[in-house]
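Single-letter residue listing:
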Amino acid sequence: MRITVDEQPRQVECGCTLWQLRRQCCPDADVVVHNGIPTASDATLSAGDRVVFVRRHSTDAAAIEQMLRARHGDKVYRRLARASVGIAGVGGLGSAIATALVRAGIGRLIIADCDVVELSNLHRQHYFIDQIGLPKVTALRQTLCRINPHITIEAVNTRLDADNIAAVFAGVDVMIEALDSAESKAQLTTVWRQQQPDTPLVAASGMAGYASSNTIRTRRVMHGLYLCGDGTSGVDGGTSLMAPRVAIAAGHQANCAIRLLLGLINPDEE
Amino acid sequence: MDITVNGQQRTVATTTSLADLLAAMNLNPQRVAVEHNGTILSQADFATTTLGDGDKLEIVSFVGGG
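Residue numbers (our numbering), protein chains in the order written: chain E, 1 to 270; chain G, 1001 to 1066.
Calculated directly from the structure, the hints in this document are not laboratory data.
One or more of the hints may lead you astray.
To be verified - Just a few of them, taken from the derived set where beta-carbon distance is under 7 Å, the chain E residues facing chain G:
1. Ile165
2. Ala166
3. Leu179
4. Thr189
Ideal Cβ placement from N, Cα and C applies to all residues, glycine included.
Excised from the complex, chain G in its bound form (with noise of 0.2 Å):
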């Protein structure tokens, strides 16, 4: 299926949950903020979120500094 992530198009496999998309980026779960279908999701969410074909994502990667 089809899924949009930060306006671009990406293929994930049908069962994919956001933690599952957060390692393929090669993405910290305990860094990123994420819109899940204009939705902010909490960090304990993302194993759990399971994504669907269409879905649109926000993510925004931390690093350090300040």
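The following block holds chain E by itself, in its conformation from the complex (with noise of 0.2 Å):
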């Protein structure tokens, strides 16, 4: 009969047990989770049952693409394993939104930044004390390889400009807008919508102060260009930024980000 063992299918003969399927899959196996629920006793398995071995104490790749599969799914996790993102600036937004994408699994990520971590950041950015005065990318990438060191991270120390941005950010599937200045901002997005059309932009503007978190979405403002936040808050006018509204605007962007890599969303689209 036919099962799914760690999200692949598997033929196994009838009357199978659980603790049979473990010995032959997965012997260091220290929790199953059969039919989603998991369990510590041994029952035979059906015809379509769905089995998932961890091994909570391995942290190879393997490990990790098993956990990552038996979570996601083999469609979802394959597709974000082999997608590429880019973020340009890597402070509040960028941190949280690299983090969040390692988490997820995906495969590679390009990140840049120019500076260097400062005590001013660690209000809301993804740093710790221990690493002011690194360059953002090399802390961030520090960290980002604490959750998940299997994964591709090129860390590029640089100051992104109209000359260099195709070039740093070459072959990614999609790229994130996530600088501070508005300036740098609208600089990005047009150069990258003039250079690289067809491969989507998520931008962010508007999540500064402690207003309504609703108020920050992500829409579809022009062909190819998702922007998120709530459009008006800015540190401009003197209010500062703060953790929660920035981490809920990287959310947006890194989910966005997701949903155009698993196609829920096209370039004309939302």
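With the hints as a guide, bring both chains together as one complex.
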């Protein structure tokens, strides 16, 4: 009969039990999930059953792949694992976006920024006291590798401009604008749409302060350009950026990127 | 003449440039990305781009913070 093991189809004999299957597939599994429910007792398998074996204490590439595949399903896992995403700027938005995308299982990230970690970043950006003084892209790569050391992270410590953006982010499937100033956001958006019209861009505008979370949204504003934020809450009026709303906007951007990668929206929709 | 800006109709004088339109809308030209009839324009072209009747513009205005 046919069942699925770790989201992969597998043929087993009638009467096969969970524990027999564990001996065959993953003898060192310490958690067995049978049809979505962790179980501690053996049971006879039925056709169509779904079984996931978890090795809680293993962190090698195969274990992480198995964990992601078991949670996302094979199709979503494979699409994200072979995807490449560029992030311009790794401040409050970019560091949170990168963290979310690595946790979700994106296979390759290119992160670019020219700043170093400062004390004044720690109230909203995903850095730590012991990283002060490091280039942000170096510090972030360290942190991301603590989540998943097996993905490809290209850390580019440079100031982005019209002449290097396309080269730095060559080959990405989705580009994310996570810069700080309104001028650099406008410039990157213009340059990317001109030079890479076929690669969608997810930009952000308006996430300062502590207005309602629900005013932050994702909308398509022109072909291949998605804008996340409330559109109006900037730092220019003296309003400070606070971790929650920045993280909400970052979550919108990361989710928009995943939806684009999964083909749930195309550059002319939403 | 009539143009469409971000999906909304707007009446402007016949010799209006894109820079004039941005000024009338109180937008900082360095903080916008503009699509004019499907083409993304560089900021350097704003002053020399003259608008025509029926033109369609998408103007994305950014605020700071990230």
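Status of the hints after comparison with the structure:
Because the closest C-beta pair between Ile165/E and chain G is about 14 Å apart, greater than 7 Å, the hint is violated. The closest approach between the C-beta of Ala166/E and any C-beta of chain G is roughly 14 Å, which is over the 7 Å cut-off, so the hint fails. For Leu179/E, the interface hint holds, since its Cβ comes within 7 Å of a Cβ in chain G; the closest pair sits about 5 Å apart. Proximity of Thr189/E to chain G holds as hinted, the smallest CB-CB distance being about 4 Å (cut-off 7 Å).
Hints 1, 2 from the list above are not met by this structure, while the remaining hints are.
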